[in-house]
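Student: Sequence:
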Amino acid sequence: MSARAAFGRWCCSREWFSDAESKNSATDELNSAVDRLFQSKVIRIYNSDKPWMTPALKKLIYQKQKAFHSGNLDLWRHYRFKVRNDIGVKTRAYYTNK
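Numbered per numbering that gives the first Met the number 0, the sequence shown spans residues 0 to 97.
Treat the hints as calculated values from the structure; they're not laboratory data.
Some clues are possibly wrong.
Pairwise CB distance ranges, derived in the manner of DEER restraints [what the hints assert, rightly or not]:
#	residue 1	residue 2	range
1	S31	D85	29 to 37 Å
2	R91	N23	13 to 21 Å
3	G87	E28	42 to 50 Å
4	A55	E14	33 to 41 Å
5	S31	Y94	41 to 49 Å
6	Y94	G7	41 to 49 Å
Note that the Cβ used here is the ideal one computed from N, Cα and C, for glycine as well.
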């Protein structure tokens, strides 16, 4: 079962109230469910990274590698194109603004 499906089931099983007193508790409950069901992923930027390397670009590279190792070549080609394209856009923007 995916985390998204589990979160949807959790939301549907709750009784949501509209009065102002329960809004804070509902928000707290919702935040704790999100923290519990969805894992956060830390993407680190290092001093040795190229200046145009961003967390979004690193995430694309990670998704490309994940697609490659899973054997999904169509998805791998899709991410390979996106990574190459984004690196080109970011490097041109970096050197243009430098």
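Student: All hints are to be evaluated individually against the structure, with a verdict given for each.
Tutor: Hint check:
no.	hint	in the structure
1	S31 x D85: 29 to 37 Å	holds (35 Å)
2	R91 x N23: 13 to 21 Å	violated (48 Å)
3	G87 x E28: 42 to 50 Å	holds (45 Å)
4	A55 x E14: 33 to 41 Å	holds (38 Å)
5	S31 x Y94: 41 to 49 Å	holds (45 Å)
6	Y94 x G7: 41 to 49 Å	holds (45 Å)
Going down the numbered hints, you'll see the structure goes against just number 2.
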